[in-house]
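If you read the protein sequences in the order shown, they are chains A and B. Following numbering that gives the first Met the number 0, the numbering of the first sequence begins with 0 at its first residue and continues without gaps. Following numbering that gives the first Met the number 0, the numbering of the second sequence begins with 0 at its first residue and continues without gaps.
No distinction is drawn between identical chains; accordingly, a pair holds when it is met within one copy or between any pair of copies.
Each computed BS3-like pair below joins lysine-lysine, with the alpha-carbon atoms no more than 30 Å apart:
| hint | residue 1 | residue 2 |
| --- | --- | --- |
| 1 | K286 | K187 |
| 2 | K187 | K287 |
| 3 | K135 | K187 |
| 4 | K60 | K135 |
| 5 | K194 | K135 |
| 6 | K194 | K287 |
| 7 | K82 | K19 |
| 8 | K19 | K60 |
| 9 | K19 | K287 |
| 10 | K135 | K250 |
| 11 | K250 | K286 |
| 12 | K286 | K194 |
| 13 | K250 | K187 |
Please keep in mind that the hints were generated in silico from the structure rather than gathered at the bench. Because the structure is a prediction, the values reported are computed rather than measured.
Number of protein chains: 2
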Amino acid sequence: MSLVIVGSVALDTIETPRGKVVDALGGSAVYASLSASYFGPTAIVGVVGNDFPTSGIELLKSHNVNLDGLETQAGQTFRWSGKYLDWNRAETFSTDLNVFADFSPRLPESCLCCRSLLLANIHPRLQLQVLDQIEKYEWVACDTMNYWITLCPDELTEVMRRVDIVFINEQEIRQYTGLDNVFAAAEKIISLGVKAVVVKRGEYGSVTVLEDDLFFAPAYPVQDLKDPTGAGDCFAGGFMSYMATQPALNKGAIRNAVRFGTVLAALDVAAFSVEGIINLDYSDLQKKVNQLRNWA
Amino acid sequence: MSLVIVGSVALDTIETPRGKVVDALGGSAVYASLSASYFGPTAIVGVVGNDFPTSGIELLKSHNVNLDGLETQAGQTFRWSGKYLDWNRAETFSTDLNVFADFSPRLPESCLCCRSLLLANIHPRLQLQVLDQIEKYEWVACDTMNYWITLCPDELTEVMRRVDIVFINEQEIRQYTGLDNVFAAAEKIISLGVKAVVVKRGEYGSVTVLEDDLFFAPAYPVQDLKDPTGAGDCFAGGFMSYMATQPALNKGAIRNAVRFGTVLAALDVAAFSVEGIINLDYSDLQKKVNQLRNWA
Numbered sequence: 000m001s002l003v004i005v006g007s008v009a010l011d012t013i014e015t016p017r018g019k020v021v022d023a024l025g026g027s028a029v030y031a032s033l034s035a036s037y038f039g040p041t042a043i044v045g046v047v048g049n050d051f052p053t054s055g056i057e058l059l060k061s062h063n064v065n066l067d068g069l070e071t072q073a074g075q076t077f078r079w080s081g082k083y084l085d086w087n088r089a090e091t092f093s094t095d096l097n098v099f100a101d102f103s104p105r106l107p108e109s110c111l112c113c114r115s116l117l118l119a120n121i122h123p124r125l126q127l128q129v130l131d132q133i134e135k136y137e138w139v140a141c142d143t144m145n146y147w148i149t150l151c152p153d154e155l156t157e158v159m160r161r162v163d164i165v166f167i168n169e170q171e172i173r174q175y176t177g178l179d180n181v182f183a184a185a186e187k188i189i190s191l192g193v194k195a196v197v198v199k200r201g202e203y204g205s206v207t208v209l210e211d212d213l214f215f216a217p218a219y220p221v222q223d224l225k226d227p228t229g230a231g232d233c234f235a236g237g238f239m240s241y242m243a244t245q246p247a248l249n250k251g252a253i254r255n256a257v258r259f260g261t262v263l264a265a266l267d268v269a270a271f272s273v274e275g276i277i278n279l280d281y282s283d284l285q286k287k288v289n290q291l292r293n294w295a
Numbered sequence: 000m001s002l003v004i005v006g007s008v009a010l011d012t013i014e015t016p017r018g019k020v021v022d023a024l025g026g027s028a029v030y031a032s033l034s035a036s037y038f039g040p041t042a043i044v045g046v047v048g049n050d051f052p053t054s055g056i057e058l059l060k061s062h063n064v065n066l067d068g069l070e071t072q073a074g075q076t077f078r079w080s081g082k083y084l085d086w087n088r089a090e091t092f093s094t095d096l097n098v099f100a101d102f103s104p105r106l107p108e109s110c111l112c113c114r115s116l117l118l119a120n121i122h123p124r125l126q127l128q129v130l131d132q133i134e135k136y137e138w139v140a141c142d143t144m145n146y147w148i149t150l151c152p153d154e155l156t157e158v159m160r161r162v163d164i165v166f167i168n169e170q171e172i173r174q175y176t177g178l179d180n181v182f183a184a185a186e187k188i189i190s191l192g193v194k195a196v197v198v199k200r201g202e203y204g205s206v207t208v209l210e211d212d213l214f215f216a217p218a219y220p221v222q223d224l225k226d227p228t229g230a231g232d233c234f235a236g237g238f239m240s241y242m243a244t245q246p247a248l249n250k251g252a253i254r255n256a257v258r259f260g261t262v263l264a265a266l267d268v269a270a271f272s273v274e275g276i277i278n279l280d281y282s283d284l285q286k287k288v289n290q291l292r293n294w295a
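Between the sequences and the hints, there should be enough to build the whole structure, so can you do that?
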């Protein structure tokens, strides 16, 4: 497998200043795998309830997402409901973990060896469980969120010690390290043995910190923002799937990976749920990546 | 003359989370001209009171800043006093216009012809007065602030119709155009006939919008921020002075101009008052510009 993604599969009810969707396809593994699907074979490891719509499964299959690791459990699928007050801040109405409450990721045979492994935003304990199972991979990345930073910073540090790439946003990296300067904060994570820290800055793009390099990428301009849900997952999925096509984790590869992730995140936020990241042409992604390169 | 700068010359009393200075050299024309001095002959047009310290004059002269257009009037120099609550927001304690209250810019003979003209942040009516006097120039730029946008938007629009380059920050361009999307907002200013709109984004750098191009530049990383005063003026001064060395206002020239402006702004904020932008080596500026290019 090129890329294995461990994360959530969810049904989201989302309100933004531009509209509302009910029980729409969502979850970090879904956003990340659809974005990843443009670069090579991608598998997800997660869990859904028996209420999960067939259309969701069909959509993932139509993008050649391998579902060997997607369990179906009796009960309801993980549901999140919230409203974006502005484009950077959501108010959560409800988080119903449902079958996700007892999720214990188990990699199927087909996922034990892969080039890229993405530990999407789940409990660090589960991320560690995955790392204990996997047999062979080239590079592994983790995502996280403020919730885990507050709840279990030590387990998160343990995860970071075992990954090559960390995706984290500005507020999170400041919270995690206690440092206001994002460059100093990223250095602190690099000192754990991480090779690349990708600090996401929302509408301002990202800065990727490596041991001996920096890479600033602007966000791809979005004319009409509709729903920010999943942007970070699309970024990480596109990034890691592109990396799986590369022989080495070097500067050039990482820069292009950031650019592809950036473009996918922009396409995601221009539509509700996963509408912006399905049925895309690779050539259009490449064209947008070239624009981004020319604009910097 | 390569560059003529019309703006304020001031004595600032500034408090930031990192310290305090009293009656320190400041004002848009001072910051901009010191930054500009590394690229070619620069002149300032402004006014000071007879209390203005000789050391200030000597410093400008040591940077070869032409002072033919700097009037000395009986009375006190323009004084600003404030405190930065955070790095983006200052609380003003007092603004004493003093001799600046009756400032009516008059270009001396030596300043009537220049390659670059920078109308720094002063009343748009005064900016128009300067435009009526100047005889020959290649390109002219204006800076502005929220105060003028609120007070006299029509006069500001009249200025913009007559300049090639507009320096403006994100909040200001949103306020001026009433548009939330900065790209759409910049297009609106481009439609007035402006060739390049440089939208400043603080710690996130800048985006320059041209009729058929975009250019994103990150901020040059600052380890230890001390005093943000003058950052925009240093950016504009460095930008316009670099442009004065260029044969045409094309993509490549504008990109390098942005990079030099960015580096000078970063050097400025790393020290109080003008301490960070004096006695620099051009080769060090060039080295930092190259870093910035390599990081994007």
